[in-house]
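If you're matching them up, the sequences are chains A and B in order. Note that full-length UniProt numbering has the first sequence beginning at 1, numbered continuously upward. Note that full-length UniProt numbering has the second sequence beginning at 1, numbered continuously upward.
Please keep in mind that the hints were generated in silico from the structure rather than gathered at the bench. Worth double-checking, as some hints may not be accurate.
Claimed, not checked - As a list, the in silico DMTMM-like pairs of lysine to aspartate or glutamate whose alpha-carbon atoms are at most 20 Å apart:
1. K237/B - D33/B
2. K102/A - D207/A
3. K115/B - D215/B
4. K6/A - D144/A
5. K108/A - D184/A
6. K80/B - D127/B
7. K115/B - E284/A
8. K102/A - E198/A
9. K115/B - D33/B
10. K262/B - E130/A
11. K115/B - E130/A
12. K108/A - D33/B
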Amino acid sequence: MTGRNKWISLGVLALLIALLPLFFPSGYYYRVGALIFVNALSVVGLVILIGYAGQISLGHAGFAGIGAYACALAPEHLGLHPALAVLLGAVISGVMAALIGKPILRLKGYYLAVATLGFGILVSMVLTNERALTGGPDGMNVADLGLRSLLRDMGWRLSGGEFWYMICGVVLLVGAWLALNLFDSPSGRAMRALHGSEVAAATVGVDVPRQKLRAFVISAVYASVAGSLLALQNGYITPDVAGFMHSVEMVTMAVLGGVGSVLGATFGAAILTLLPQVLTVFAEYEQLVLGLVMVLVMIFLPQGLLPSIARRLKGRDE
Amino acid sequence: MDALLQFLFSGLTVGAVYALVALGFTIIYNASDVVNFAQGEFVMLGGMITVFAFEAGLPLPLAALLAILATSAIGVGLNKLAIEPARGAPVVSLIIITIGASIVIRGATQLIFDKQLHRFPSFSGDDPIHVLGATILPQSLWVIGGALAVFVGLWVFFTRTLTGKAVLATANNRVAAQLVGINTGWVMTLSFGLSAAIGAFAGVLVTPITLVGYDVGVALALKGFAAAMLGGMGNPKGALVGGLLLGCFEALTAGYLSSQYKEAVAFIVILGVLFVMPQGLFGRKSTERV
Numbered sequence: 001m002t003g004r005n006k007w008i009s010l011g012v013l014a015l016l017i018a019l020l021p022l023f024f025p026s027g028y029y030y031r032v033g034a035l036i037f038v039n040a041l042s043v044v045g046l047v048i049l050i051g052y053a054g055q056i057s058l059g060h061a062g063f064a065g066i067g068a069y070a071c072a073l074a075p076e077h078l079g080l081h082p083a084l085a086v087l088l089g090a091v092i093s094g095v096m097a098a099l100i101g102k103p104i105l106r107l108k109g110y111y112l113a114v115a116t117l118g119f120g121i122l123v124s125m126v127l128t129n130e131r132a133l134t135g136g137p138d139g140m141n142v143a144d145l146g147l148r149s150l151l152r153d154m155g156w157r158l159s160g161g162e163f164w165y166m167i168c169g170v171v172l173l174v175g176a177w178l179a180l181n182l183f184d185s186p187s188g189r190a191m192r193a194l195h196g197s198e199v200a201a202a203t204v205g206v207d208v209p210r211q212k213l214r215a216f217v218i219s220a221v222y223a224s225v226a227g228s229l230l231a232l233q234n235g236y237i238t239p240d241v242a243g244f245m246h247s248v249e250m251v252t253m254a255v256l257g258g259v260g261s262v263l264g265a266t267f268g269a270a271i272l273t274l275l276p277q278v279l280t281v282f283a284e285y286e287q288l289v290l291g292l293v294m295v296l297v298m299i300f301l302p303q304g305l306l307p308s309i310a311r312r313l314k315g316r317d318e
Numbered sequence: 001m002d003a004l005l006q007f008l009f010s011g012l013t014v015g016a017v018y019a020l021v022a023l024g025f026t027i028i029y030n031a032s033d034v035v036n037f038a039q040g041e042f043v044m045l046g047g048m049i050t051v052f053a054f055e056a057g058l059p060l061p062l063a064a065l066l067a068i069l070a071t072s073a074i075g076v077g078l079n080k081l082a083i084e085p086a087r088g089a090p091v092v093s094l095i096i097i098t099i100g101a102s103i104v105i106r107g108a109t110q111l112i113f114d115k116q117l118h119r120f121p122s123f124s125g126d127d128p129i130h131v132l133g134a135t136i137l138p139q140s141l142w143v144i145g146g147a148l149a150v151f152v153g154l155w156v157f158f159t160r161t162l163t164g165k166a167v168l169a170t171a172n173n174r175v176a177a178q179l180v181g182i183n184t185g186w187v188m189t190l191s192f193g194l195s196a197a198i199g200a201f202a203g204v205l206v207t208p209i210t211l212v213g214y215d216v217g218v219a220l221a222l223k224g225f226a227a228a229m230l231g232g233m234g235n236p237k238g239a240l241v242g243g244l245l246l247g248c249f250e251a252l253t254a255g256y257l258s259s260q261y262k263e264a265v266a267f268i269v270i271l272g273v274l275f276v277m278p279q280g281l282f283g284r285k286s287t288e289r290v
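The following block holds chain A by itself, in its conformation from the complex:
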């Protein structure tokens, strides 16, 4: 990817975020949009881990859970401002990722999958079982960020949906910008090199364990911030955010859109977030359709939707 491509990707993303509201028939769509951006943010993190560095994780919902519950717990118990709680959650997630990443990133393929899966399940188990602190499976309330009322006092009136659409859109843009910067940085190149072949990368002097760990920590922080934003905009959180199915959804979004590209990640997040909203009409068939989409896309568009479409447009066959 050249520097020009980077700005095209960012430009497309910014235009989409800015112009989409023109077509929103009702306030409900701002909510859905904000949800898409939050999901896209954690998926951009996974693009770094899976797409750049070629590692896998079935436990990233665990980090989203840490971010979400940091926002729920820190303001109440530590008296921290919710915005600082987001930061605290990110720091905890980063440190956790560094601690567990060191031993488990030596593992490969399915072994790495089961280790990360184990981590995610442990987090969701703690969140579900520590009722006194987290409210157990019923979840708990999350304090308001307070920014919207501040804006209102300054004369800028926004609905909850509009406000979170903006916040999440901006955070997603920043996240995408950082991820695109990383792509061509020395670290990003090293990650992509070890993705190709660890032995070859090590031979030319890449510190393989260090770069893997870096990708893991960065992606954990993305997931954590996304979890925090989700908790703040809903004002409510349950342990499902850290559940196994959420981890699977995140990975599916990443692979669905095209795991190498930040724009593809957003696309994948949009589709998988919209699907259940569309399918609520046929609630009975929701699971069936979701599963079929996952299987069919992987079989017929193994590169993910966006790269496959792009290739079709260019008129080049593989």
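For this one, chain A is given, so just place chain B on it according to the hints.
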């Protein structure tokens, strides 16, 4: 002492189910390098189909046989429709495909049958048997005996029959197996059918104890996967030992520490084993070829 024995009995029962799921994982993994996350759904299908066939008036053994055959056919279908078309796809894609397939199976089951929990009567009554101060249900003996029988059966199949050796050859080297005239496509079909049948068999055995509903498969798939990893992926002996160990760990934790965190300990043990022995207990050490 009585309590310990009691915990071990319940651990071995649950562990036998994990072992059967893990054996199913192992067979498919050996034949195709795919970890089939839909393995737990086979157990669920075995239980569910038996329940509904039994309630429709079939005698229990016939209902169970029908369930095992039907599930086996679904396993073969899974291979033909979802795994074979994606041959050579990266690990991430294969994980998503099999998880997607498990969601499809769950969704379809919930539409065709229902969302309730079901059971059918135990095979030999519900009077607990007293052993050294502890008790064990006759159905538990069926489960443990069933797991051991399947393990021995597989061992005989893989070491004494030509077809079994063909499967092993395919697992070792697909191309070489093709070169000596083994129909590797047939081996794949056989592996999926066999693995699904074993899963369904586990479901038939355990349903009188644990009940069955459309969503029991996810947890079983995760535990079975963990058990297979604990023993060393691709090793049948590892699957059996890993499953039984995992069941006992859980039961002992539930008994002595906390029933809420019994599953946590299972995953902590697995993380620990993977840290120290990245190939699992019985796994072969692999070296990367450049």
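Outcome of the hint check:
At roughly 18 Å between alpha-carbon atoms, K237/B and D33/B fall within 20 Å of each other, so this suggested pair holds. A C-alpha spacing of about 13 Å is found between K102/A and D207/A, which places the hinted pair at or below 20 Å, so the restraint holds. At roughly 8 Å between alpha-carbon atoms, K115/B and D215/B fall within 20 Å of each other, so this suggested pair holds. This hinted pair does not check out: K6/A and D144/A have alpha carbons roughly 35 Å apart, beyond 20 Å.
At roughly 25 Å between alpha-carbon atoms, K108/A and D184/A are farther apart than 20 Å, so this suggested pair is violated. Between K80/B and D127/B, the direct Cα distance comes to roughly 44 Å. Violation of the 20 Å bound is thereby established for this hinted pair. Proximity of K115/B to E284/A is assessed by CA-CA distance (about 11 Å); at most 20 Å being required, the pair is judged to hold. Restraint check: the Cα-Cα separation between K102/A and E198/A comes to about 16 Å, which is no more than 20 Å; the hinted pair holds.
At most 20 Å may separate the alpha-carbon atoms for a hinted pair to count; K115/B and D33/B exceed this at roughly 33 Å. Between K262/B and E130/A, the direct Cα distance comes to roughly 14 Å. Compliance with the 20 Å bound is thereby established for this hinted pair. For the hint pairing K115/B with E130/A, the CA-to-CA distance comes to about 28 Å; that exceeds 20 Å, so the pair is violated. Among the hinted pairs, K108/A with D33/B is consistent with the structure: their alpha-carbon atoms are about 14 Å apart, no more than 20 Å.
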